[in-house]
Amino acid sequence: MSRTILIVDDDRSSRRLIATTLEDVSGYRVREAGDGAEALTAALEARPEIVFLDVELPGVDGIEACRRLRSDPATAEATIIMLTRNGGRRTERFARTAGADVLLTKPFSPLHLLRLVDRIGGRPG
Amino acid sequence: MAARTTVDTEGLQRQLERYAHDLRELFKKERSWATELERSYVATVRALSNAVEARDAYTGKHAERVTAYALTLAAAAGLEVERTPQVEFGFLLHDVGKVGVPDSILFKPGSLTPDEYAVMIQHPCIGVDILGHVEFIGEGLEIVRHHHERWDGRGYPDGLAGEEIPAAARVFAVADALDALTTDRPYRRATDWLSARHEIIAGAGTQFDPTVVDALIALPDRAFRRFAR
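Top line first, the protein sequences correspond to chains G and S.
Heads up: the first sequence at position 109 corresponds to 109 in this note's numbering, and the numbers run straight through without jumps.
Heads up: the second sequence at position 196 corresponds to 196 in this note's numbering, and the numbers run straight through without jumps.
Check the hints yourself; a few may be wrong.
Per label pair, the in silico range of CB-to-CB distance [as the list claims (entries may be wrong)]: (1) 2(G) / 35(S): 16 to 26 Å; (2) 106(G) / 163(S): 39 to 49 Å; (3) 132(S) / 64(G): 54 to 64 Å.
Hint data in this document are derived by calculation from the structure and do not stem from the laboratory.
Where is the CB? At the ideal position from N, CA and C, for every residue including glycine.
Work out the full structure: start from the sequences and follow the hints.
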């Protein structure tokens, strides 16, 4: 795994916002992908430690992408944080079954995001 | 005049990103302050611990060794002693109250008279008085107060028994005895590690928590001696 955070969201603005929030916190590089298929390719390439994955993606949706990340030994170890507009027990169950570590409902707290990454990645130096 | 309905989404996005950027930078700054603060706590505690040690040439590095022993024992005993900085502070500063005990008593080679003993056993409470207002010591204060309690309830200052004694203090009591026995003291020479073990085992269930003594039995000497130098 590399010290990379992969951010997957079809909405460019949301992606940019997360990226700006997390850029080089705890020494992570940030990479972005706009849909599930792109996410899988990027994940195989970058082997990210942390993946932010939107549930509602066109094509290969977030839940399916999560399942595939978990089933490939190359990406299975990543911490997967799923994001959704429709938080509910159903989505929660799907995300858990697919192997997500955390499910966050939009709008999420950026400070929570920072603390989460800090906890996963430890402090630099 | 017509109301302005077009929203400059591009501009809003840039503004939002600016917020995110500033939040991130503040977060990083706060985090590094927190780290720095923690470091200065540790440095302060070590300085205080060194001050106590400097007075007592015999026990040199006693607090540091006992801390290492106690953490080793706690892990092996499976007791709920969290390895927090506060617990470590308590281990390091357990004897800080000895600054309130006169040299004539603290360094007396022979046994203490009842009056001297009465002064000596005040040191845990003196320690609590010294550290009572230092908030970052947290639960470490319990170790300072209770490190001379005995499993059978005949210790001091509160005569707590068994599991009434905080787990960290029970672990500490064994660690303290181990170091006391294996280093030279004003009143006697160091014993070898095997004899020290026997002496502690003899105190299981009376002076010491048997669970902690079991942990000591299960651990090889080298688990401790690597800290002993």
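>> I'd like to know which numbered hints this structure contradicts. Please list them from smallest to largest.
In response: none
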